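**Student:** Single-letter residue listing:
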Amino acid sequence: MASEPLVLGIETSCDETGVGVVRGHTLLADAVASSVDEHARFGGVVPEVASRAHLEAMVPTIERACEEARIRPYDVDAIAVTSGPGLAGALLVGVAAAKALAVGLGKPIYGVNHLAAHVAVDQVEHGPLPEPCIALLVSGGHSSLLEVSDVTQGVEPLGSTIDDAAGEAFDKVARLLGLPFPGGPYIDREARSGSSVAIDFPRGLTSQRDLQRHRFDFSFSGLKTAVARWVEARERSGEPVPVADVAASFQEAVCDVLTAKAIDAAAHRGIEDLLIGGGVAANSRLRVLAEERAAGKGIRVRVPRPKLCTDNGAMVAALGAELVARGRTPSALDLPADSSMPLTTVVA
Amino acid sequence: MLLALDTATPAVTVALHDGERVVAASTVVDARRHGELLATGITAVLDEAWVARQDLTAIAVGVGPGPFTGLRVGLVTARTLGAVLEIPVYGVCTLDVLAAEATESGIGEPFLVATDARRKEVYWASYSGLGHRLDGPQVSRPADLATDRPVVGRGAVLYPEAFPSGRAPEHPSAAVLARALAEERVEPLDPEPLYLRRPDAAEPGKRKRVS
Ligand SMILES: [Zn+2]
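Residue numbers (our numbering), protein chains in the order written: chain Z, 1 to 348; chain S, 1 to 211.
Please keep in mind that the hints were generated in silico from the structure rather than gathered at the bench.
Each hint should be verified, as a subset may be incorrect.
Claimed, not checked - Which residues of chain Z face chain S? A partial, calculated answer using Cβ under 8 Å:
{"#": "1", "residue": "40"}
{"#": "2", "residue": "58"}
{"#": "3", "residue": "89"}
{"#": "4", "residue": "186"}
Claimed, not checked - So these bits of chain Z aren't anywhere near chain S, every CB distance computed over 12 Å:
{"#": "5", "residue": "12"}
{"#": "6", "residue": "39"}
{"#": "7", "residue": "41"}
{"#": "8", "residue": "51"}
{"#": "9", "residue": "54"}
{"#": "10", "residue": "93"}
{"#": "11", "residue": "104"}
{"#": "12", "residue": "189"}
{"#": "13", "residue": "197"}
{"#": "14", "residue": "232"}
{"#": "15", "residue": "238"}
{"#": "16", "residue": "240"}
{"#": "17", "residue": "293"}
{"#": "18", "residue": "305"}
{"#": "19", "residue": "307"}
All of these numbers come straight from a predicted model, not from anything done at the bench.
Ideal Cβ positions, reconstructed from N, Cα and C, are used throughout, including at glycine.
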């Protein structure tokens with residue numbers, strides 16, 4: 001291709017309607033409309049509420065992205081869209097919109113894996129992806145450790161959560177502490193004035209026995225229950241709950257396990273680059289702890305800026321641009337939305 | 001050149017109307033694959049009629065009522081295509097499309113249109129013998145609407161005990177949608193979904209204790 005590929009990407013796998021525009025490794029637009037406020041009073045994302053919001057936000061968000069990028073839709077070389085995994089009804093809105101663009105513009109469409117897109121987005125921040133690399137993807141919907149040898153071909157799952165996603169644990173503990181939804185940013189803020197060693201919360205799947213079977217897997221359900229028990233015991237004894245200390249100690253337990261296992265995976269596979277993505281990657285302690293531990297092992301850490309870590313269309317466009325650049329075959333126009341799309345599939 | 005489509009029922013139906021007549025049409029009934037079938041249905045009718053996408057001058061879309069997931073596929077497709085081609089998008093009540101076809105075939109007496117709303121309910125509207133909508137659209141239990149009048153749409157197939165006088169058509173046709181709109185027999189609406197139900201969502205109750 002004479003110039004770098006220009007791709008418009010659409011993301012609707014959860015509660016963010018994201019439309020991004022990327023040329024090669026350059027981010028041109030990242031428009032996001034979120035329905036998070038509509039979900040707050042339910043304490044979690046309500047799929048039908050999210051799907052309705054995607055429909056209403058879709059065309060305005062596409063137009064905003066094109067304006068921001070100073071392009072006309074006709075200029076793009078391809079359309080990319082998250083076709084899975086995610087909420088089925090929500091994915092379907094994005095996939096249908098992407099197909100309408102593909103038909104209306106006569107351009108190819110790539111239905112891509114949401115998790116691979118979380119990895120690829122780092123290219124618009126830090127340049128070409130170091131391949132192979134280890135990717136730690138943590139959000140309200142996923143907690144996975146992956147080995148990425150070619151982000152356009154497939155990623156190898158090393159481990160994932162066996163119960164709650166890390167972000168889910170943040171939401172649940174926030175609720176326990178009377179903090180708003182989504183819990184991540186509020187726990188992070190509270191934790192700054194608390195002590196991370198005040199309470200010794202359990203680290204899931206880190207015992208010698210668990211490590212044999214679950215070396216790279218995570219579990220946050222036991223931690224969540226332990227926090228609930230501790231808070232309830234306090235309440236029963238009539239003592240005030242030290243919110244900042246609970247937040248800091250809980251956050252430490254999560255970040256400790258995530259970073260320890262990610263660094264272990266890198267060392268085990270002899271890989272020198274660790275990439276962290278997903279909404280929980282916006283957590284300040286996770287970033288610091290990962291840097292600290294990686295430095296000691298000669299491992300480089302890449303974390304995109306927070307706005308690129310949470311779900312957005314730019315990450316889909318970034319992966320799309322890489323797919324076009326490497327000459328990968330586009331999807332068929334009858335591509336389905338696949339709520340449980342496997343990690344090993346990058347393009348549907 | 002009008003592109004018409006409807007995904008508010010198990011049918012994924014697409015048609016092209018050149019101002020005088022329907023020049024291509026495609027209908028596939030598959031309640032679970034709206035998202036897969038609609039775009040290919042559109043390219044199929046364009047190809048069949050030798051029409052380029054740039055020749056489209058308007059889009060008409062069934063706005064339901066209908067099961068939400070399928071309904072949204074049609075609406076987001078119509079809105080996005082309309083935006084990118086810079087052409088107007090009109091909505092048409094899906095029940096009116098069924099009524100228009102029944103009227104075309106000379107039903108000649110007051111009738112009901114009823115489609116599947118799932119959860120043992122139907123989306124419905126009532127019409128005069130000339131096809132004017134008198135009541136609805138609404139969502140109700142079939143037993144509450146039981147009638148010997150003719151009933152058009154899948155509701156009569158699903159609930160014969162409430163609706164013994166079922167009539168064709170069972171599903172809407174985009175060809176009829178296009179024709180009825182072109183001939184001003186149905187009222188154009190904004191392309192906004194007729195959900196008629198609020199999302200299922202419960203606010204969390206008091207926290208459950210773990211110990
Ligand atoms: Zn995500």
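**Student:** For every hint, state whether the structure bears it out.
**Tutor:** We went through each hint and held it up to the structure:
1. 40: 10 Å, violated
2. 58: Hint on residue 58 of chain Z: holds, closest Cβ of chain S at ~6 Å, below 8 Å.
3. 89: Where the cut-off is 8 Å and the nearest Cβ of chain S is about 5 Å from residue 89 of chain Z, the hint holds.
4. 186: 16 Å, violated
5. 12: Its Cβ does come within 12 Å of chain S, the nearest being 10 Å, so this is violated.
6. 39: Nearest chain S Cβ is 9 Å from residue 39 of chain Z, so the label is violated.
7. 41: Check fails; 6 Å does not lie beyond 12 Å.
8. 51: 6 Å, violated
9. 54: 8 Å, violated
10. 93: Per Cβ check, residue 93 of chain Z is inside 12 Å of chain S; nearest 5 Å; violated.
11. 104: 4 Å, violated
12. 189: Holds: least Cβ distance 21 Å, greater than 12 Å.
13. 197: About 23 Å separates residue 197 of chain Z from the closest Cβ of chain S, which puts it past 12 Å; holds.
14. 232: 5 Å, violated
15. 238: Residue 238 of chain Z clear of chain S: closest Cβ-Cβ about 16 Å, beyond 12 Å.
16. 240: Residue 240 of chain Z clear of chain S: closest Cβ-Cβ about 17 Å, beyond 12 Å.
17. 293: 31 Å, holds
18. 305: 29 Å, holds
19. 307: 25 Å, holds
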